[in-house]
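Engineer: Turn these sequences into a full structure, and let the hints guide you.
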Amino acid sequence: MPKNFCRHPDCNKQIPRDQFYCPQTHGAFSRKRTPESLKKEVLGKIRRFNRLNGRIPAKKEMYDAYGKARDVFGTWNKAVEAAGFQTNPVMFAKKYVARDGHKCDSLAEKIIDEWFLSKGISHKRSVPYPEYNKLTCDFVVNKTFIEFFGLKGELREYDRTVSLKRKLSRKHRFKLIELKPTHLFPKNKLDQVLGFLV
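Just so you know, we're using this note's numbering here: the sequence shown kicks off at 9 and counts up by one.
This list has only true hints and no planted wrong ones.
DMTMM-like cross-link-like pairs, simulated, lysine to aspartate or glutamate; straight-line CA separation at most 20 Å:
| hint | residue 1 | residue 2 |
| --- | --- | --- |
| 1 | Lys-67 | Glu-49 |
| 2 | Lys-173 | Glu-186 |
| 3 | Lys-188 | Glu-122 |
If you're looking for bench data, these hints aren't it; they were derived computationally from the structure.
Structural biologist: Next comes the structure, spelled out in structure tokens:
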């Protein structure tokens, strides 16, 4: 059975599964945090994120609310549904359309595409790699290939494709920028990673 730790940000004590905070150190804090108040807090954060960003948050973007959501709703998706939204789909099951009309395979690709749009950067989607017409790059800006490798390390076939794309970039001497989930979640770092394109 997984261990349970105190939810207070300054504490890491292991506590019984039915508690949110360690009673000795943060007992007063615990009494203020009823399941109902935690539900209200989580739902408020999800709804506020939606108002600001026009979409529901991925759990990686809400690390401060994710544990609380699991505690009081059972799963992140149940918290999203309780907030009145449809949950994020399984990988590649749902396509997204960016504001510039580009079709994207994931929410992450949509975020990247819309970052380009917000910076006024002309970009292309799904550009074929040299020698492999069926192998496409997520984004191309000038002659720079930009990939979001969101499943790297999770699927063998995906990792083989990543290796092939790297090999082709070396062979044909074009720059390949590899974006990872940590460049987007929990905080968007595209300004730092891709800012040189502006």
